[in-house]
Every structure is written in structure tokens, then in C-alpha cells.
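Visitor: Okay, here's what each chain looks like letter by letter:
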Amino acid sequence: MSSPTATARAAGAPAAAPARRSGPSARAARPGRRRSSLAGLWFVLPFAALFAVFLVWPVLAGLWASFTDRSLASPGAEFVGLANWREMLGDSAVWQSLWTTLVFTAISTPPLVAIALAMALLTNRAAAGLGWFLRLSYFAPFLLPVAVVALIWEWMYQPGFGMVNGLLTAAGLAEVAWLTDENTVLAAIAVTTVWWTVGFNFLLYLAALQGIPAYVYEAAALDGAGAWQRFLRITLPLLRRTTGLIVLLQIVASLKLFDQAYIMTNGSGGPGYAARPAIGYIFEAGFTGLRIGYASAISYLLFAVIAVVSLVQFRLFSRKGETA
Amino acid sequence: MRTTHPTPPPAPGRRAFLAGGLAALGLGLAGCGPADTVLSGRRRLRQWNLFTGGDGARMVQMHDAYRREHPDIDFEPATFLWGNPFYTKFAMGAAGGRAFDIATLHVSRIRGMGAGTLIDPVPTDLLAEHGITRDTVLANVWDKCVVDGELYAIPLDTHLVVTYYNREVCERAGVLEPDGTLVTTSGEEEFLDVLAAVKEATGQYGIAMDTTQPWRQFWSLYRQLGGEMSFDGDLRLDDDKALRSLDFLRRVSEEGLAPQASDAPGTPANFQNGICGLMWAGNWEIATFADAGMDFGMRPFPDIYGAELGQGDSHCFVLPHRRVPDDAAVAAAVGYAAWMLKHSITWAGGGHTPAYLPVTRGDDYAALEPQSEYRHAAADVQFDPEAWFSGSAAPLQNEASAVLSGVHNGSVTPEAALERFKAAARKLIDTPEPV
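From first to last, the protein sequence lines are chains A and B.
Mapping the first sequence onto the UniProt record's numbering, position 240 (from 1) lands on 240, and the numbers just tick up by one.
Mapping the second sequence onto the UniProt record's numbering, position 386 (from 1) lands on 386, and the numbers just tick up by one.
Derived by calculation from the structure, the hints in this document are not laboratory data.
There could be a bad hint or two in this list.
Derived, one-sided and incomplete: chain B residues facing chain A with beta-carbon distance under 10 Å [unchecked claim]:
no.: 1; residue: Gly131
no.: 2; residue: Pro265
no.: 3; residue: Ala269
no.: 4; residue: Arg420
Beta carbons are placed, not taken as given, at the ideal position from N, Cα and C, and that holds for glycine.
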């Protein structure tokens with residue numbers, strides 16, 4: 001189980017690159033260059049084959065499965081038309097889990113962007129001797145596997161002897177049953193997720209910050225702009241494209257919440273299913289309930305939500321870019 | 001670039017080489033196992049199980065002994081992660097019909113995993129040749145392995161929720177018998193008195209239980225009240241008895257006798273840390289405390305409503321459905337299962353009570369402490385109600401855990417929790433059966 005952010009990026013990046021490259025070369029093909037463009041095709045072929053076998057085909061097969069009563073436990077499947085889709089629309093668990101996913105996205109994305117920016121600003125100015133250490137420590141949690149992260153935080157959240165509650169009681173506050181209370185479990189998982197994955201956004205911001213030339217700041221300082229004004233008028237606008245990218249990737253990653261929520265609630269989805277995300281319900285329907293057909297239908301609903309949210313977000317940011 | 005195009009290398013040759021290499025590799029890999037077996041004349045026996053941790057180590061120990069005694073069998077066990085990951089693979093493997101010759105399963109999942117479709121009946125005559133019959137195995141467990149008059153599983157053990165007690169704490173609380181075992185109680189009040197005394201001794205709580213998975217506690221209490229539950233067409237359960245069971249759980253938490261929140265990893269930790277002197281948990285936690293060198297004992301689930309009944313299940317061996325009958329493979333699989341049952345004294349080290357009676361009646365088992373303290377509980381183990389969605393790690397337990405856990409921390413009243421549970425169970429009844 002890789003991190004949601006990592007999979008999002010791994011799936012997105014290579015998919016775009018070869019498509020862009022093969023396009024112009026195919027159009028520019030002239031008789032004399034035919035051989036070389038054919039050779040190019042061979043280079044694209046390994047990727048194209050994998051793309052077709054592991055992405056295009058499963059996507060189509062999943063769509064077909066959503067119209068059948070396919071079960072994990074029996075070989076055949078019968079076409080049932082829109083029965084799965086109709087059942088899904090009337091299934092309150094689908095909407096509850098989808099809502100959980102959206103709430104998680106809403107509460108996890110802002111801190112994952114803001115904290116990453118804050119950390120990047122801090123380390124960007126750090127002294128040369130200490131900089132590498134700070135950058136490493138901010139990024140380090142991202143390198144941990146999800147099971148390790150979930151385990152660490154499960155123990156930290158324990159009532160009675162966990163660190164978080166220990167700090168609360170030391171400060172004279174009441175203990176909170178973080179992972180077993182309907183009202184706190186999702187927030188607790190969001191905090192864990194922020195700690196775990198903020199490092200990647202931090203890295204993107206740090207790279208963008210280092211790309212801003214020093215003379216821009218120098219000129220602003222000469223014009224009498226203070227530190228806060230320089231941040232507002234120079235740093236933030238110049239980071240706009242990076243912010244757009246980070247927000248988009250983060251929203252998609254947050255919408256794909258599953259592994260940490262599954263592990264931290266021991267697969268139960270939390271009290272009252274307060275921490276069962278959409279993928280959690282898809283997993284339950286497909287793998288606990290063995291109903292692959294029904295699970296496919298729900299996964300298409302989630303796919304639609306992710307596509308719509310990404311498109312809206314993309315349009316919002318690109319329009320801002322034009323007016324700037 | 002002077003030469004516009006370098007002479008293309010003999011491409012077909014290279015491709016042919018690569019393709020040929022891949023094909024050869026594939027052939028080699030595919031041929032590995034069977035070819036080996038065919039050449040050596042050993043029978044191949046593939047076993048799938050879901051045991052990791054302490055249980056896994058004990059199973060490996062037994063398998064090593066099995067291999068030493070059976071040089072003629074090429075034994076290949078494969079371990080998968082407990083719960084869903086295993087059951088998913090089991091269903092897919094059995095549906096394919098070629099994946100394994102024998103597998104472990106929870107008895108409560110036989111229906112859900114397709115007795116008759118994915119799972120083949122066990123030839124009882126063959127089993128009897130090895131001395132395994134209804135008379136030599138716990139009868140209540142054997143009967144659970146029978147579906148529509150056919151035996152579908154060979155039971156290895158019984159495991160159930162029991163009471164653990166910290167001897168040092170209980171001694172201070174004055175709730176030990178002179179022989180060092182926990183006092184026997186009867187009824188709600190007697191047990192609550194014990195909890196109050198233990199709470200006094202620990203200064204924090206009396207008992208810990210997994211509040212994120214209340215099904216075990218609930219089903220134990222509900223069965224003690226004589227409650228029944230069935231899902232044939234419609235949900236049938238006894239509201240009054242269910243409410244009484246849930247209310248007892250609420251009361252224990254509300255009176256501060258048990259932590260309001262204690263999850264799966266937290267519960268044994270609470271017991272080990274001495275935050276509480278008692279714990280309700282499955283007997284498989286035994287190794288954790290034994291390894292920690294704790295002075296503890298175990299008793300059956302207490303008699304709250306008339307009998308010491310505890311929720312539980314049983315690990316068993318099942319034979320997958322074969323598209324092509326293979327009597328020799330079935331014979332080898334049954335022989336293996338019988339061997340495991342007869343050597344289950346090793347297995348008992350993990351807290352599970354062996355189903356094979358000659359083992360539990362032997363002196364070796366009587367000497368096992370604290371396993372022998374609760375051995376009689378196995379005869380009364382309370383299995384989950386029967387449905388394709390019930391049993392260990394199945395949807396019903398998941399639903400129950402999610403809706404009932406609020407009772408422990410007081411966020412949901414027993415009445416509201418029961419209504420939610422009934423709604424969840426009705427939804428499962430309406431779900432088309434996937435097997």
C-alpha cells in the first residue's frame with residue numbers, strides 16, 4: 001500500500017509525457033522519416049502495452065462489471081442492467097461514505113497546503129549548515145509505510161497511556177477517546193495524514209521557492225516593501241502555479257482516502273462508520289461482501305466525483321492565472 | 001549525423017531472442033512445482049492458512065514435524081493475512097478450482113464461503129479411518145461443520161471469549177479463591193461487586209474489553225439470556241434480551257468499572273499495564289501475557305445471566321470444490337488434517353482448545369496452565385447466528401461493531417443502538433447472496 005499522494009503522482013506523470021511526445025512526431029511524419037517514427041513507436045510500445053493492460057482494460061472491465069452481478073466467489077456473471085446503479089442510489093451507506101470522504105478532503109487539504117508552505121518558507125531561509133537537516137526531518141514522515149504511520153498514531157491516541165492524552169491531562173484537560181469517538185475519529189485520522197504526507201507538498205513548494213530569483217526580492221526591498229508585503233506581493237503570486245498543482249494533487253489524494261482510515265479503525269470503519277471513506281465501502285462491498293459488480297458501480301460514482309472536483313478546481317485556478 | 005540511419009540491427013533476431021527467453025522463463029516457472037513432484041514421485045499437498053504471529057509460529061512448528069514424518073508428501077503451506085485478505089483469496093482460489101488442496105477456515109464462515117459450491121463435503125468414511133468421528137471431536141463443534149446433513153469441515157479447535165485475571169491485582173482486591181483462581185460469580189450484581197473490588201485495587205478500572213468490537217460481549221450475554229437470532233427472510237431477535245445485554249455493557253462503562261474506550265491493541269495493553277485487573281478477550285491473547293512473564297489466570301466468560309457461555313468460533317480445515325475429481329489429493333488432504341488434529345497439543349499452546357478429545361483429555365493438556373482452567377467452556381461455545389454474512393470478520397460482525405460500540409462510551413443509548421443494528425441486519429438480509 002503506497003501513500004495516496006504517491007500513487008496519484010505515479011499514475012499522472014508518465015501518462016502525460018509520452019502522449020505529448022508521440023503527437024507531434026506522428027504529425028510531422030514524412031515519407032523519408034517514416035523509419036525513425038516507426039522506431040519511435042517501438043519505444044512507446046512497452047508503455048502503451050502496460051497502459052492498456054493495467055489501466056484501460058481494467059477501467060472498461062470495471063464498467064462492464066457494474067452492469068452484472070459478478071461475485072468474487074463464483075465464476076460466471078449475469079447481466080443485470082442498471083440494478084447495481086439503482087441499488088447504489090438508494091443505499092445510504094454509499095452516501096454516508098462519500099460524505100465522509102468529502103469531509104475528510106475539506107478538513108485535510110487546507111492544512112496540507114498551508115503547513116507545507118509554512119515549512120518551505122522556514123527551511124528556505126534556514127542557515128546552510130542546518131538546512132539539509134530541517135529539509136530531511138520535514139520530509140522524513142512521507143517515507144514511512146502507511147502501516148507504520150497508523151501504528152505510531154494509534155498508540156499516541158490511546159486513552160489512558162497515549163502521548164496525546166498524556167499531554168492533555170498534563171495541561172489539566174479531559175482525555176479524548178480520539179479513535180473511538182464518532183465526533184473525533186475522522187479529525188484524528190486527518191491529523192495523522194497531515195503529519196504523514198505534508199512532506200511531499202513541502203518539497204514541491206521548496207523547489208518553487210528556490211526558483212524565485214533573489215533580485216526580485218532585492219528590487220522590492222529597494223522600493224520599500226516590508227517582509228510581509230514581499231510575501232504577499234511577490235512570493236505568493238509567483239507560487240500560484242505551484243499552489244494550483246499542489247491543491248489539485250492534494251484534493252485527488254484526499255478523495256482517495258483509505259489505508260490509514262482502514263488500519264486505524266482496525267477495519268471497522270470507526271464507531272457509527274464515522275471514518276469509513278468511499279473506498280472503504282467499495283472494499284467492503286467487493287471483498288468482504290464478495291459483490292464485485294456492486295462495488296464496481298460505487299467505484300464509478302467515486303470516479304465521477306473525483307473527475308468533477310478536479311475539473312472544477314482546474315478551471316478555477318487556470319482562470320485566476322489568466323487574470324494575473 | 002553523417003549516416004542518416006545506422007544499419008538496423010537484426011531486429012527480428014533480437015526480438016526472437018527476447019521472446020524466446022521469456023517463453024523459456026515462463027515454461028521453467030510454470031513447470032517448476034509439478035515437474036519436481038512428478039520426477040520425485042512425491043504427492044504435492046498445498047495448504048492455505050490465515051495464521052501469523054504466535055499461531056503462525058506454532059503452525060510452522062507442527063508443519064515441520066509433519067514433513068519429517070511424511071517424506072513422501074511435498075507439502076506447501078501458504079500463509080495469508082487474517083480476515084478479509086485471506087477470505088478474499090480463499091473465495092477466488094476456490095472459485096478457480098486449482099489453487100489449494102486444503103485450507104483453514106472459521107467454522108462460522110462455512111456458509112458464507114459457499115458450502116456445496118466452493119467447498120466440497122469431507123468424506124467421513126476416510127476421516128473415520130484416521131479415527132476422527134463425531135465421538136472423538138467436540139460434538140457441538142462437529143455439528144456446526146454439518147450443513148444440510150453433509151460434513152463440510154474438519155474442526156481443529158475452539159476459541160472463545162474468556163475472562164483473564166491478573167493474579168497480583170486480584171489478590172489485593174480479595175477476589176481469589178484459596179487455590180489462586182478467580183472467584184466464581186453468578187448474576188449481574190455478584191460480578192459487578194468483583195469489578196468494584198478490583199477497581200478499588202487498581203485505582204482505575206475493574207475490567208477491560210474491546211469497545212470497538214462489542215459483538216463478542218453482546219452475543220455472549222444475549223446467549224446467556226437464551227436469546228435467539230435468525231435471518232430467514234426476516235430478522236428475528238428478542239428485543240428485551242438484546243436491550244438487557246446492551247444495558248449491562250453500558251452500565252459497566254458508565255459506572256467507571258471499564259474504560260469507555262479501549263480498542264483492539266489498547267485492550268491487552270490496558271490489562272498488561274495493570275490499569276484493570278480483569279479482561280474479556282479471546283483466548284488467543286494468551287501468548288502476549290505469557291511472553292511478558294505476567295502472573296495471570298483465565299476463566300470462562302462469567303455467568304451473568306445463568307450460565308458461563310462465551311461467544312466463540314472454531315478453526316477448521318476445508319476441502320475446496322474440485323472441477324476434476326482427484327481422490328488421491330483428497331486422501332492426502334484428509335490425512336494431513338487428521339494428523340494436525342492428533343498433534344494439536346502444540347496448537348493448544350496458543351490458547352485455543354483442541355477439538356480432538358483425546359488431546360484435551362490427556363495429561364499433557366491438563367498440565368497446560370492456564371489453558372486447562374477454561375477447557376470445559378469449549379463444550380458450550382456460542383457460535384454466531386447462521387447466515388452467509390455472519391461469522392468471524394464477516395459483514396454482520398463489522399456492522400455490529402460499528403453500531404454497538406457507542407453503547408460503551410455512552411454516545412448512543414442501547415435502544416438507539418439496537419434500532420441501528422436491526423436496520424443494518426435487515427439491509428444484509430436484503431442483499432443478494434454472492435455465493
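Visitor: Next, verify each hint and record whether it holds.
Guide: Against the structure, the hints come out as follows:
With a cut of 10 Å, the hint placing glycine 131 of chain B at the interface with chain A is violated, because the nearest CB-to-CB distance is about 33 Å. With 10 Å as the threshold, the beta carbon of proline 265 of chain B comes within range of chain A, its nearest partner Cβ sitting at about 6 Å, so the hint holds. At its closest, the beta carbon of alanine 269 of chain B sits 7 Å from a beta carbon of chain A; the interface hint therefore holds under the 10 Å criterion. Satisfaction of the interface hint for arginine 420 of chain B is found here, the shortest Cβ-Cβ separation to chain A being roughly 8 Å, below the 10 Å cut-off.
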